[in-house]
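J.: Residues per chain are reported as follows:
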Amino acid sequence: MPRRLALRGVALLYLLVILLAPLGMVFYRTFQHGLHPVWQTLSNHFTVHAFEITLIATAIAVPLNAVFGVLCALAIVRRRFRGKGLLNAFIDLPLAVSPVVVGLALYLLYSPRTGWFGSWLFAHGIQVLFALPAIVLATIFVSVPFVAREVIPTLRELGNEQEQAAATLGATRRQRFWLITLPSIRWAVIYGVILTTARCLGEYGAVAVVSGRIEGRTETATTLIDDMIQNFQTGGAYAVAVVLAAIAVVVLILMTLTRPKEEAF
Amino acid sequence: MSIEVRNVTKRFGSFLALDDISLEIPDGSLTAVLGPSGSGKSTLLRIVAGLERPDSGEVRLEGQDATRLAPQRRNVGFVFQHYAAFKHMTVRDNVAFALSIRKRPKHEIRARVDELLELVQLQGFADRYPSRLSGGQRQRMALARALAAEPRVLLLDEPFGALDARVRAELRDWLRRLHEEVHVTTVFVTHDQEEAMEVADQVAVLDQGRLEQVGAPADLYDAPASEFVLRFVGDAVRLGCPHEVVLRRWPGEGAVEVEIERIAVLGADARVDLVDGTGERLTARLRRDELEDLDLGRGEIVWASAEPYSLAADAEAGQTLG
Amino acid sequence: MTASAATPSRRISAGGRASTALSVGVISTFLTVIVVLPIAALVWESKRDGARAFWQTISSPEAVGALELTFGAAFIVVLVNGVLGTITAWVLVRDDFSGKSLVNAVIDLPFALPTIVAGLTLLALYGPGSPVGIDVAFTRTAIVLALCFVTLPFVIRTVQPVLIELDVEMEEAARSLGAGQLTVFRRIVLPNILPGILSGAVLAFARALGEIGSIVLVAGSLPHTEVASVLIFNLIQDGQSAEASAVAMVLLGA
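Chains as they are written, first to last, in our numbering: chain A, 1 to 265; chain B, 1001 to 1322; chain C, 2001 to 2254.
Keep in mind that the hints were calculated from the coordinates and are not lab data.
One or more hints might be untrue.
[What the hints assert, rightly or not] Covered stretches of chain C, going by a simulated chain A footprint (3 or more residues, C-beta under 8 Å):
1. 2080-2092
2. 2143-2150
3. 2239-2252
[Unchecked claim] Covered by chain C, according to a simulated footprint, are these stretches of chain A (three or more residues, beta-carbon under 8 Å):
4. 15-21
5. 63-75
6. 95-101
7. 139-151
8. 204-217
9. 231-242
[Said to hold, decoys possible] Derived CB-CB ranges, DEER-like:
10. T2032/C / H36/A: 46 to 54 Å
11. E215/A / S2060/C: 27 to 35 Å
12. R2187/C / L132/A: 57 to 65 Å
Note that beta-carbon positions come from the ideal geometry of N, C-alpha and C, so glycine has one too.
Turn these sequences into a full structure, and let the hints guide you.
T.: The structure is reproduced here in structure tokens:
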């Protein structure tokens, strides 16, 4: 009995010390001086713009990666072709690469003077680096794997007998896809989308490298926090952080609700 | 709808699943395709359904060449061993599927679904999800779903294979009665010889991709075309199915002298393994009380005969008190 | 990790070959533009000035220091999270108390929270002005702390399913044969959950190597707290992309 309590205590203490207490601290510090300073920061147009950039990047990356993830899963599980292993490896690559390295790689491609494509694009008036396109590309890169990784095992588990049955009942390929295939993977897709969104909102390292962090132009919410701390605007940083933390809590709730059965304990 | 399979061959890689099979299935019949696992029987069924393509040969439905036709255009109903239920839809939506993709009016769909649910005795389950049904219920739903499209042929791939013995026996009878009511050409695949013999009008026996024999159950028993058919089918048919074998302590018309090899008590029933003068093995199933009345033991000689399961036999059983 | 077997899949229709080619083509193009080309550029750049320059860069004292720190911290963190994560997984699977499902949900927080916010939370509690009087900002301890935060879920989530599948009867059998609790754990449970622990540890290690967001705030880029990712960042800022690529390749290789 005591051993059980001891273990429980150790686990809970660990979580408290590392996760919960720090998180609680942020909420406390933010609202320590009342709501007004918080509101001031959040209504500041630089802040608003930073959130806009974050949201735009997320709004582009999530649907793209969702569609990509579903197509990938269907191809890998249901079709035969050479190079599946390679495809799988590249899908998982973003998980293994440091965000800063991602930023560096994009810099090498799109830098206006020395980039592989950057110079050509720049000559045609298209700026990628230190502008929104680079931020979007970085965000897409880091969030590529999530939907695919959730849908692939689900699809494998399902097999395609339901589609076979639908075929014998007269369903065309399109009908089978929309009425049978997609609905049967919908929870895996939703969970994957939630993970993807969280990753997009939280991206820092790659964006820090490629965005140039130009205030009012290419700041994201995350780089804004960093800059505010550097400029000793701690109150402002906390305000932005609290918003992101609140979103994260919502994300956490959604994750818990939609977690696929095999992973639930 | 009549089905004709002509010289169908199918390989999976180097494995020959079907070897030049030709088979005719008359309109309105109930045919069993019987064989051990690996005999190619499921492959044959799937080729008829259009879920596989033969390497060579033809499939004709009502005289028309349907070999290249996609499954959704063949108007065949297919029932899978593991039900293939649409897990994300209710029972009602499952059964309605064929009709809803044909864009029939809602009231028509509703009426037809209710009708079918009543036919398969799932009336109260319309709004349940398949995960909340038992295996037997799911299979009945699958049947209703297949019938909704008014198929010209009903194909069942080991439909009761995933169910336990008691449910299997119930559904077997039920299928026979359903066929009598609905009269759709039905083909079902099984490895259970008892099932094939009991239910079907015509049995096609497959072994390792080759068609060994086709005929009525009685013909297969009376005149087995090969050693394989003799062995595979004989066991069940020799003196009728186990529960129709009656044992007595004295000879009678059509009775065979047998020695009791083994008696196994299985709950309320007992299974008696017998061997006759030629070395052939048979089984009889008795109720426990019948067994005790006869007071049988190993090594004893008794007389076995096949009798139709009837009240007369039950009355006679009272006379077998030794 | 799932126990049940997948139901068999078969092709329903021929004519799939063209659409397979199409979908594989679309997928490959997307992946190439987004992932493959950038990585290719990185690999190329790291080799640009030749092998000697590569070695020079990564054997420079700054690089060596950063890499040592990175690998060392990652190693420590994996140990800590390996042990504590296993304990936590055990408690979640075998123990029962009110609020357990809440605790289970909280574990995913590092996956949901932006890393920079994570860094800020740690700074708030364990940095200057800390209410508990602990100030480890700009120390190596802070790095370990931050890495613990972001890698917390990995081992727990890989061990949980293994523990759930574990046959309790094995442990009961061992106990009936006279084994004490610790022995049972050491000789029955541990060998069976070890694969789970290891796979979580590998994931955690990889994550820890590349982490940046949570570290920049708590550790900055003082010489003795510069991790590899921060070093790469600084090298990029200084326009030394070849050197940055070299260090990046070391991280990738690991």
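J.: Would you check chain C against the segment 95-101 of chain A, counting CB to CB pairs closer than 8 Å, and say if three or more residues qualify?
T.: holds (count 7)
J.: Against chain C, does the segment 15-21 of chain A show at least 3 residues with beta-carbon separation below 8 Å?
T.: holds (count 5)
J.: Are there three or more residues in the segment 204-217 of chain A whose C-beta lies within less than 8 Å of some C-beta in chain C?
T.: Result for this restraint: holds, n = 4.
J.: Examine the segment 231-242 of chain A: at least three residues should have C-beta closer than 8 Å to a C-beta of chain C.
T.: holds (count 3)
J.: If you count the residues of the segment 2080-2092 of chain C with a beta-carbon closer than 8 Å to a beta-carbon of chain A, do you get 3 or more?
T.: Coverage by chain A holds here, the residue count being 6 at a Cβ distance below 8 Å.
J.: For the segment 139-151 of chain A, count the residues whose Cβ lies under 8 Å from any Cβ of chain C; is that count three or more?
T.: holds (count 3)
J.: Under a C-beta cut-off of less than 8 Å, do 3 or more residues of the segment 2239-2252 of chain C approach chain A closely enough to confirm the stated coverage?
T.: holds (count 6)
J.: Taking beta carbons only, do three or more residues of the segment 63-75 of chain A come closer than 8 Å to chain C?
T.: holds (count 6)
J.: Mind taking a look at whether chain A covers the segment 2143-2150 of chain C? Criterion is 3 or more residues with CB to CB distance under 8 Å.
T.: Per the Cβ count (3), the hint holds.
J.: Please test the hint of 46 to 54 Å on the beta carbon pair from T2032/C and H36/A.
T.: The hint (46 to 54 Å, Cβ to Cβ) holds, given that T2032/C and H36/A are roughly 50 Å apart.
J.: Against the range 27 to 35 Å, how does the distance between the Cβ atoms of E215/A and S2060/C compare: consistent or not?
T.: holds, 34 Å
J.: Is the hinted range of 57 to 65 Å satisfied by the C-beta distance from R2187/C to L132/A?
T.: With Cβ atoms ~58 Å apart, the hint holds.
When held up to the earlier numbered hints, the structure conflicts with none and fits them all.
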